[in-house]
Structure formats: C-alpha cells, structure tokens
Amino acid sequence: MKTKILVEIAVMSLLVFLLDLLSHLIPIPGTHDGISLYMLPIFLMSFKHGVKVGIYTGLSSSVLFFLFGHYHTFVWVQFMLDYILALSVIAVSGIYSKKVRSCDCNCEERNSYIIKGVFIGSLLKLVFNSISVLLFIEMYLDTEHNPNLFHHLLETDQIIFSIIYSSIIVVPAAILTTIVLVKSFSKYGNKLLGL
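In the working numbering, the protein residues as written are -17 to 177.
Be aware that one or more of the hints could be misleading.
[Stated by the list, open to error] For lysine to any residue, the following SDA-like pairs were computed, each having C-alpha atoms within a straight-line distance of at most 25 Å:
#1 Lys81 to Met(-17)
#2 Lys34 to Leu19
#3 Lys169 to Cys89
#4 Lys165 to Phe101
#5 Lys34 to Thr(-15)
#6 Lys165 to Ser84
#7 Lys165 to Ser5
#8 Lys169 to Ile17
#9 Lys34 to Leu(-3)
#10 Lys(-16) to Phe101
#11 Lys173 to Leu(-12)
#12 Lys81 to Trp58
#13 Lys169 to Val109
#14 Lys(-14) to Ile17
#15 Lys81 to Ser5
#16 Lys(-14) to Val109
#17 Lys98 to Val109
#18 Lys34 to Glu91
#19 Lys34 to Ile157
#20 Lys98 to Lys(-16)
#21 Lys98 to Leu19
#22 Lys80 to Val(-7)
#23 Lys80 to Ser168
#24 Lys98 to Leu67
Honestly, the hints are just simulated from the structure, not real lab data.
Kindly produce the complete structure, drawing on both the sequences and the hints.
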C-alpha cells in the first residue's frame, strides 16, 4: 500500500476518533452517545479508495478507541461487534467507489450512489451494534429492576429493544452524514476526494 494512502488512513482514523469524542458533549437522552459525523471519514475513504482501504480505516479507528480507552463495552466480544466489525462494515459503501469517482461536479446520479452506500454501510453497522446491545442485555442488565424509558419493552422483547436503541444512535448519524456528503459533493465534486 502506498505511503500516501497509509497517511490518509491515519488522518481519517484520527478524525473518526475526534468526531466521536465531540458527539459525547451533547448525548442523546437515554444513551451515552450523541449525534455525530464519526462515520463520515470512513465513508469518504471508501468512496475514494474502495472497500479495502475503508476497512483499514475502520480497523485503525477501532485501535485508537482501544488505545485511548474510549469505548463502552464490558466484554471483548462487545468491543469486536461495536468497534472492530461495526466500523469496518461501513466500508462496504466502497462498492460504489468507481461510480462516485466517475461523476463530474454536477452529476445527480452520484447522490443516489452516496445514499445507497451510506444506507448499506449504516445498516450493517446497525446490525452489529444491535447484536452487541442484545449481548449486553442478556449478560449484564437486570431487566426486572431497571427503571428505564424502555422498561416494558425490555421485559417483553429484547431483540426489538436492541434494534430501537441502536437505531436511536446510528440512524441520525447516517442521515446527518448523508446530508453532509451529498451537499459537499454537489459543491466540490471530486475535489472533496482530492482527485
């Protein structure tokens, strides 16, 4: 892999970490996360270089979360699901890399590729985050004595609760990321990717 790409991966991974840190300043009620653009750098790397480089960006981001102790898990399986896998699967959006890069500045078609890419990457991330929440509920949460906004749902259907809880975090981030990417590409075109 070229040195320039490795430097890009390092810079974008750091940006993922910093954007996630900023999101915790104003958390979403009932969660420890806030609405964030932390997925944006991984999507950019995936659209610019493809799936493989996007995966490396997600993996190196998860290393930063681990090294700085900025993660919210109780067991290593949760860390694998929430950070290593969930950040890496975002890179699947890179399947649209060639189509995004081939559009000129005023290409309306590019928006559909960006939206599809963010949707697929975010959906896969949501799956891994939901499995992690379900694992946490089954291993650690006392659903009978836990006063929570979703108390009744926790007692009746933990799978639905896991999906809803994860959606509260992932969906707003995906929507915000999509808006920023579409508007930025519309304005700057391939200059946004450094092409």
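Original post:
Quick check: which numbered hints come out false for this structure?
Top reply: The structure conflicts with hints 10, 12, 13, 14, 15, 16 and 20, although it agrees with all the remaining ones.
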